[in-house]
Amino acid sequence: MNVNAFFSLMLTISIVVLNILAFRTHYYGSTSLDDVLAFTAFTGSILVVHWIVSLPNPGGKSYYTKKKKKKY
1 MNVNAFFSLM LTISIVVLNI LAFRTHYYGS TSLDDVLAFT AFTGSILVVH WIVSLPNPGG
61 KSYYTKKKKK KY
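Numbering follows the working numbering, with no gaps: position 12 of the sequence shown is 12.
In case anyone wonders, no lab produced these hints; they're calculated from the structure. The structure displayed is predicted, hence computed values, not measured ones. Glycine included, C-beta positions come from ideal geometry on N, C-alpha and C. Where hints are given, some of them may not hold.
To be verified - Distance ranges between label pairs, derived from CB positions:
hint, residue 1, residue 2, range
1, 53, 24, 26 to 34 Å
2, 10, 37, 34 to 42 Å
3, 28, 56, 36 to 44 Å
4, 34, 7, 24 to 32 Å
5, 52, 28, 18 to 26 Å
6, 24, 46, 19 to 27 Å
7, 40, 10, 16 to 24 Å
8, 54, 19, 19 to 27 Å
Let the hints inform the model, and build the full structure from the sequences given.
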């Protein structure tokens with residue numbers, strides 16, 4: 001397992017645990033469901049963006065690198 005996969009796994013586990021804790025606090029009556037759902041949507045959007053960014057790039061071509069000039 002490389003470093004990126006490790007940190008991705010840690011981020012996923014920590015966000016899942018945070019959301020479980022948020023729902024537990026709701027069921028014990030200390031927060032409203034709207035706050036819990038807003039928090040879940042926020043952390044879920046962080047995860048989705050993280051997964052999209054960390055997807056392997058097919059062909060290894062980046063759109064942000066300068067194109068090399070061909071020598072004639």
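Please flag the earlier hints that this structure goes against, numbers listed from lowest up.
-> Numbers 2, 5, in rising order.
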